[in-house]
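Line by line, the protein sequences are chains A and B.
One point on numbering: in this note's numbering, the residue at position 420 of the first sequence is 948, and numbering is uninterrupted.
One point on numbering: in this note's numbering, the residue at position 156 of the second sequence is 327, and numbering is uninterrupted.
There's no promise every hint is true.
Below, computed lysine to any residue pairings styled on SDA-like, alpha-carbon distance capped at 20 angstroms [to be verified]:
#, chain 1, residue 1, chain 2, residue 2
1, B, Lys-456, A, Leu-874
2, A, Lys-868, A, Gly-974
3, A, Lys-868, B, Leu-286
4, B, Lys-456, A, Gly-875
Because the hints were derived from the structure by calculation, they are not lab data.
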Amino acid sequence: MSAPAVRFAGITRRFPGVAALTDVGFDVAAGSCHAICGENGAGKSTLGRILAGIDRPDAGTITLFGEAVRFRQPRDAMAAGVAIVHQELALWPELSVAENLGMGRMPRRGPLVDRRALRAHAEALLARVGAAIDPDRRMGALSIAEQQLVQIAMAVGADARIIIFDEPTSSLGERETERLYAVMAALRAQGTTTLYVSHRMPEIFRLCDTVTVLRDGHHVATTPTAALDEAAIVEQMIGRRLEQFYPSHAAGTAGAPVLEVEGLSAAGGRVRDISFTLRAGEVLGLAGLVGAGRSEVARALFGLDPTARGRVRVRGLEATIRSPREAMALGLGLVPEDRKGQGLVLGMANRENGSLPSLPRFASRGVVDRARESAATGAAFAAMTMAADAEAATVTLSGGNQQKVVMAKWLTAESDLLILDEPTRGVDVGAKAELHAWIDRHAAAGGAVLLITSDMPELLNLATRILVLREGRPAGELARADATQASLLRLMSGLGAA
Amino acid sequence: MPSPSFVRTLVRSPQAGLTGVLLVLWGLLALAAGSHQDPLGGGTVNNFLNAHTLIQMATDASGFAIMGVGATIVIISGGIDLSVGAIYALAGVAMAMVLRAAGPLPPVAAFGLGLAVCLGVAVTCGLLNGLMVVGLRVHPFIITLGTMWILRGIAFVMSRAESILVPTSLTAVAKASLGLGRSLSPVPLLAMCAVTAIGAVFLTRTVAGRYVFAIGGNVEASRFSGLPVARSTIGVYVISGLCAGIAAFLGAAFYGSATSSDANGYELYVIASAVVGGASLVGGKGSALSAMIGALLIVTIRQAIRTLHFDQNYEWIIIGGALIAAVVIDQGGTRLLTRLREAR
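If we strip away everything but chain B, and leave its shape as in the complex, we get (with noise of 0.2 angstroms):
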């Protein structure tokens, strides 16, 4: 039984109001959803409300997710990363590549050099970023958008636009059921928990993530407080690469192979998960776990689309419009609680 405090605390929470949108949204679909007969166990089963289908969203979310923590720290910074996607699909070419040169190796060294590869890869390039984004002096904005281009270009010529496979060792981590019914994968959904602790562990309790606060909330006054600027910046780059790295093993792995087209236009679906949790673009704001939930909150309106057999031509219009009307609900919401502290 959980302590009145304990309530207090969650629905106080900055999260409190876009977990309750999420729910509700749950809520809906579950009822709206209708059901079926299971084929094998005869019972009746709801067409939302199922281990099959919230396991596939997670799934679905976790690579948005992954990179959203990411972008969040980005943003807290007051920065912005464009080249996720392109570092995504990179890394992700890179490894493929390197494990196929490599030959038939044995389960864990394919995994291990796999996953080197492709980290060691996404770490490179946020951290080419961040070197010219403080070397340069330019905005982030121009440098990453520079590097989106540079960097699938960099993979598409590697890979010759081929689809290059991937050992399938990676592929049984990547699916395994953990114990769970056998078509049920949950390892992306528990890597996404897993991303988003360390971030949220980040952010707020170490001193590395109170710099990147300090630096989005007021980067001269960071400065007048001897703050590493500079080291500071350059390492939101690189995380929010190796999250971008993280997410392409996955997706490699999961998938078992990768393109250079893997992840195109993921920046964006990144960037409004970061968004629609709560990150502000002018810097100094943001959550990880508000991250992770705005990612389940987009992948849940295009599940939403499917689900209700609308006509999937609409998806970008619906999601469109659901990300602004988000953003106003949690901005209308955030203005709404503060009167009501200050009236207090």
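One chain only, chain A, in its complex shape (with noise of 0.2 angstroms):
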């Protein structure tokens, strides 16, 4: 048997306060389509930056083909032939097609740039790979499924003999995806080792013949596809802790209605007639397919949607809500989508994020009383369970943490009407699971959530009611008695009523 194409052995990298990796080590067979799954932080894209050249690990060897090697940068894996996938990098979008896949080899005639020949480069590296893109196009304009082909042709084109792919089909359609995989069924009759990163249990039964699970940075189990199923790998993912994964639910009885909401659209009209009634002691999901228009109408009830239109009422009281001031002022709080992006301060420290939509309440003429300050965000991460120092930099915790200040900030603010989108995404289990009992706390004390998510066992144990949208429309309610995945799907995807 010849040498494996990739030998990892005791991989180790640490971020600050989370081992991303810890000692894993197995190998991939050469021609091979390897899997690599795991939950969200399970390690799994790490490896795959590693092995690519842009993460460093702290310990731990990688060998090619039986060739030991080090990758200092990006350039390193590329002349030894790896080459990563993104799910969304447009190289250079301001150049051409031909320009991105020519950089670092442009054809010259004298000291300037051979056009024809770049373009008949590309052109013949596109064709290898079965893409039907007009090289002269910017690279920006390109959907994300053709900026995927262009990489892919770029690594052929590198001459890779092992392509990593970092969950490739997570923003495809379904025509794209299938286009996706006949490339890559091509890539491996040509002999290339592909690995796979992606947590898609059909793609993987698909695709690979051999699967990798890694769970919290360690490595589970390297398993011939044929030997597994679904569930087996899905246990190999969560592990021992499905059984005490949702708490039971105080029966909390709905009080009074808090958010009533009148035929809302947003968006610049692509929601529409959104309506519906959220009373206090309530969870309710907000159920559809990325790009439904869920987290439009957070942003929407939010004051952050100048487009919005509609009746709102708070407690009863009509409501214009044209700013998060004001609807902050109504007892409002968004924990947004993007918790990076729009709910931290990463530079910031843990006290300050804490204190940031309610520090006027800690000052007297404009000057922050810290003890105070301290005290309130110190009462609010203490509730959360929010284990990270209070003066540490937020970008030094780890995912559950950080989502846990983002919570803070609008228990220091007292708000008792929570719009939670997407909560527990990238988050691990444990902290996970102490998000939901906190979430069912602040219903059973009559606090009011609606609640956004993806994560269909995360809906269907923690709201009360499930309102479904289809492409910016109302699709339909259910009851939690009434919800099953299927229903769910049903609904979210158009094939008609359960």
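Please assemble the complex out of the two chains, which come individually in their own frames, going by the hints.
This is the structure:
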């Protein structure tokens, strides 16, 4: 048997506050398609980045076809025949596809770039991956699927022996996904080794012959796909914790209406005719596929969408919310989808993030009372079981603790009407359970929650009722008792009522 | 006797590295400068370490430092203000012209009117910058590059490029010896310390100061947290203008006149002071005290050229090199400190 294409041994990578990978080791057979899966935060992308030379391990070795390598930068990995295809990356968005593909090896005629040769080179590469893309188009104008094909063409052009695909299908439609599969099959036929980073079961079973599962940065198992079924992989991914995942609900009785929405339209009319009532003590789930308009509803309610129209009543009183400030004054709080981009000022201390929306409360005549600020944020962190030091910079925290800081912002501001947009995305299992328990307690104590999530079990277990959106319109509403994964999927995708 | 914990706080403070560099530089200068006989008292006087030279340096630094505090606040918010030199010139010229037109006034009235005009013009200019940055959604680099030329142009046209004298009552205040030796004038030094202290309190203790850090750190998260982003952004340019106005008042009063070419090119010294002081051009990071130390460092380097009798023609080359070196050393030190802290 020939040497494995890749041998990972003892790979360890620590980030401030978290160990992303601990002593990971396994082999990838030459010419195989090898899946690397695990939950969010399991370390699978970090492993891909290390192999591509983007990230460097703190310890451990990588051997390619029997030869030890040490990559200091992506360039080294490329020279060794390793290429990576990211989910979203428009290399040089302002340059043409041909220029992108020719970068680093521009054909010349005297001192000038030979534009004809550049174009021909690009056409040849695109043809090899079966992509019908005009090489003169601007890279940034391509769809994500097309950009991925250009990246693959680039890998082929660099004579890559090993190509890493990092969650390539997460933003692709069905037809684009099929195209990608065809290209991958062709690459494999040419003997290229592919590493496929994903957590989508059907894809793994269709494409890959071996599956490596990572959990919390540790290697769990490397198994031939033929010896596994879906349940077995899920068990490897989640481990023992599957049972105690969800708290039992304090069957809270719904109180008076807190938020009444009638005929809401948002995002310049792309989202329309949204109506619902949220009562005290309720968790109202907002379900839908990506792009169905869930986050747009959240932004509109929080005063972040100047195009929002419709009637909103808060605690029975007519309200016009034109800014987050006005929303906050009515007791609303928004935990946004993009934690790092919209939820936190990462360079600030946890205390400073925690008090950001409510700072004037702790000030007299404009001067902050540090002691009162510390006491209030400290209490909120304790309530959220946020473990990190209040004075540490938020950037050093794990995803779970960062999310708890975002939640604590609204706790400190004493907001009782919370809009939570993907509150547990990229959060480790333990923190997830703690966040769920807190949401439950908040509702039981008479608070109201509008919960937007793509995590089905989370939705089914936490929401009292579920409102489903499809393409910006309401598609139906289900009580918890009637909602199942199947009935929700049917409503979300438009296959008719359950 | 300072307690050990006080010393530890001092050593760990973010200004420790910069202050250390400054002190070492001063020590070397004192050693290398040599000394001369005091013509009056007869004792030996160090050519660098004497009250005259030091207060002269502080006076030179005061303009940069006062504007540097404003620039630091702008830079922390993620912006930049290139127009401070022009605001300085316009505010000084406007004040001098108004006082000339007003004719002879009692000293207190002249002082009050001058200060009001100078600061009023400067704050208006800053407000204009802020309103345009927020309203036109153009990068502040472009806006303030534009107003830099416009404002200096207005000063030029208004004054017909004349140098306009200001009443001696102003000079009397700016050059007051306050009980020190007769030819020593510590007012600019005191003004510099006062502005720095107020700037430091603003940045570290007030709600508005915290908002400046938040907006520079992540403007989107600030919006999502309901912060008054537009108002704060306008505010930092007003503060920057105000600082330029204070510097202009001091400058015109101290030197006794104002012209449209005053403070030409100062914007770069001012930004250099802020950046040497560790303000990050990306936003979210910086300190008023560091900006003052940065200004002192730049002026010290200039002074060194004079004290050590280097060829003055090399001044710009040396300052440029020292600027890059200071920032590189500061970054290296920060990285080292972070590594030490993580290792613990």
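Hint numbers not upheld by this structure, sorted from lowest to highest: Checked against the structure, the hints that fail are numbers 2, 3, while the rest are satisfied.
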